[in-house]
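Full structure from sequences and hints, please.
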Amino acid sequence: MQKSGQNDKMNTDKNKSLEHRFSEVKQEDYSSTFPEVENWLYKANISLANDKLKERKLHRMKNFFFANKLRLVYTIIAFIAVVAACNMPVTQTESAGQVITLVVPKDNSGFEAKMYALPWMKDAQVTQNDNVNNGSTQVLYRIVLQNTSKEQVMDYSRELESLGDIVTIQITPMNYDVKRPLYSAALNNFFRIDIDATGMSDEELQNELESKLKEQGIDMNFKFKTGPEGRRDLTVENSGLDSIKEPRSFELNIEDDNSREKVKLLTQKVDPKKFEGKTDAEIRDMVRKDNGKPELTDDEIKITRENGKVKVNIEVNKTNKK
Amino acid sequence: MSRNTAEFTELLKPHYNDAVKYSRALCATWSADDAEDVLQQSFLLALENFHNLKDTTKFRSWFFKIITTTFYTAIRKHFWKKFLPIDDSRYNAPDMPEVFDRAEQTESRIVLNKALSVLSAKERSAILLYEIAGFSIEEIVTIQKENSLSAVKSRLSRARKKLKKQITQQEHFSGRGDDPYGDLNGDLENETLNLIAEIRSER
Numbered sequence: 000m001q002k003s004g005q006n007d008k009m010n011t012d013k014n015k016s017l018e019h020r021f022s023e024v025k026q027e028d029y030s031s032t033f034p035e036v037e038n039w040l041y042k043a044n045i046s047l048a049n050d051k052l053k054e055r056k057l058h059r060m061k062n063f064f065f066a067n068k069l070r071l072v073y074t075i076i077a078f079i080a081v082v083a084a085c086n087m088p089v090t091q092t093e094s095a096g097q098v099i100t101l102v103v104p105k106d107n108s109g110f111e112a113k114m115y116a117l118p119w120m121k122d123a124q125v126t127q128n129d130n131v132n133n134g135s136t137q138v139l140y141r142i143v144l145q146n147t148s149k150e151q152v153m154d155y156s157r158e159l160e161s162l163g164d165i166v167t168i169q170i171t172p173m174n175y176d177v178k179r180p181l182y183s184a185a186l187n188n189f190f191r192i193d194i195d196a197t198g199m200s201d202e203e204l205q206n207e208l209e210s211k212l213k214e215q216g217i218d219m220n221f222k223f224k225t226g227p228e229g230r231r232d233l234t235v236e237n238s239g240l241d242s243i244k245e246p247r248s249f250e251l252n253i254e255d256d257n258s259r260e261k262v263k264l265l266t267q268k269v270d271p272k273k274f275e276g277k278t279d280a281e282i283r284d285m286v287r288k289d290n291g292k293p294e295l296t297d298d299e300i301k302i303t304r305e306n307g308k309v310k311v312n313i314e315v316n317k318t319n320k321k
Numbered sequence: 000m001s002r003n004t005a006e007f008t009e010l011l012k013p014h015y016n017d018a019v020k021y022s023r024a025l026c027a028t029w030s031a032d033d034a035e036d037v038l039q040q041s042f043l044l045a046l047e048n049f050h051n052l053k054d055t056t057k058f059r060s061w062f063f064k065i066i067t068t069t070f071y072t073a074i075r076k077h078f079w080k081k082f083l084p085i086d087d088s089r090y091n092a093p094d095m096p097e098v099f100d101r102a103e104q105t106e107s108r109i110v111l112n113k114a115l116s117v118l119s120a121k122e123r124s125a126i127l128l129y130e131i132a133g134f135s136i137e138e139i140v141t142i143q144k145e146n147s148l149s150a151v152k153s154r155l156s157r158a159r160k161k162l163k164k165q166i167t168q169q170e171h172f173s174g175r176g177d178d179p180y181g182d183l184n185g186d187l188e189n190e191t192l193n194l195i196a197e198i199r200s201e202r
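Sequences listed follow chains A and B, in order.
Under numbering that gives the first Met the number 0, the letters of the first sequence match residues 0 to 321, in that order.
Under numbering that gives the first Met the number 0, the letters of the second sequence match residues 0 to 202, in that order.
These are computed hints drawn from the structure, not numbers from a lab.
Note that this is a predicted model, so its numbers are computed, not measured.
Ideal Cβ placement from N, Cα and C applies to all residues, glycine included.
Keep in mind that a hint or two might mislead.
[Stated by the list, open to error] Listed next, with one range per pair, are the computed distances between beta-carbon atoms: (1) A:LYS42 to B:LYS144: 28 to 34 Å; (2) B:SER149 to A:ASN49: 27 to 33 Å; (3) B:SER149 to A:LYS42: 40 to 46 Å.
Okay, here's the thing in structure tokens:
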């Protein structure tokens, strides 16, 4: 009993000691520091608001990317797919020209002279061979016509047939395959020419333009004329469309001292039968509809008819003053 | 921050003294600067989240909960700070004015601080919330995010026991003019005395 009483007393002492120490802490007073802390809280609140604003912007950006991460992934995949597809090599068949092979009897009535007299023969390369067929001697001509369309060669072939004495005549296209990336293939039929004509004479500009077009295989003639007010007028003398083998389009930008001239040329293959039996008004309507340009006037759509052939030129003259 | 600072300080004022005392006692063995860091972070966190407090009558327990959570976080950082130079403040607010006394502490306070340092963070916070801040056991359950009263009760009991033991031990050595933690260098005599003190306190 005595021992238990001693233990109780020890525990009470210990409790007292602990309570005493806690009561000392409780007696500490920091109230006097409150006004300073209060002031600091006001300043801190302003700073917090600014931080919050910055954080909100960052947060919004993070949220946007987080919420749209799937879309972002799709976009990147789509972009990679497009780039990869554009760089995929594709094979294109290009025409280098046409070959007319014809056979005439050796003893013809001056066929060769009449043939060489045809105007387009000056651009042709001709080879000839003598062959003996069933006891009679024949001459085989191989006429190579570079940069010539099939329609043109068909016309030339008809002209040759009209000379008479022909045993056989055949047209063979000269084709070759080219491998190039898809984007290059898409751009192959479109090109752009930029010329800074500042300080150039009319003649210099004309030569510059014609030579640049020739490099692209287009034989076009232009005429530049500077008017009294210093304005340069451009006239297309010969559209040169006949020399274009495949449909090609180009944009021509001529920058002059104070003006900019833009000429856009678009060629397209049209079935010659399309215009057969059509009046000028009907053809003009077709042109407006096909090109999606109902605003084209009758004067701007020029139609010429030669030997049953219909030629349509759209001439739009636009000068944009700077 | 839809509510203004005035409302916050108005609500803080009656609890300020207890909050500072509780905060200092939590960081008992830390320097005044480190303890002020915990208090500053608590104030800023509370100010930032004040708009989330729906019932202002619960301000006191809400604010003490913030101090307690900040202290738990600070303990982890305090450990790593020894090895890495961590910039633990995510706020650009100006520094809080000095609140804690830099003067040398009393003998009695040193004893209590040393005893508190033996407790785990949860035990320390539970006993201080009960003894210094005057919270009920039910309130401590909420502040410490516990599920049962018994968990807090046993924590308090454990903490009290440990404190008594440590204080008795220290008082015993101070009576002899020794410091039980002052010279633990593997000396056989000191270690034996420690052991005797432990056995005595357990009886």
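A quick look at each hint next to the structure:
1. Checked against the hint of 28 to 34 Å, the pair A:LYS42 and B:LYS144 passes, with Cβ atoms roughly 32 Å apart.
2. Checking the proposed 27 to 33 Å range against B:SER149 and A:ASN49 shows it is violated: the Cβ atoms sit about 47 Å from each other.
3. Evaluation of the 40 to 46 Å hint for B:SER149 and A:LYS42 yields a pass: the beta carbon distance comes to about 45 Å.
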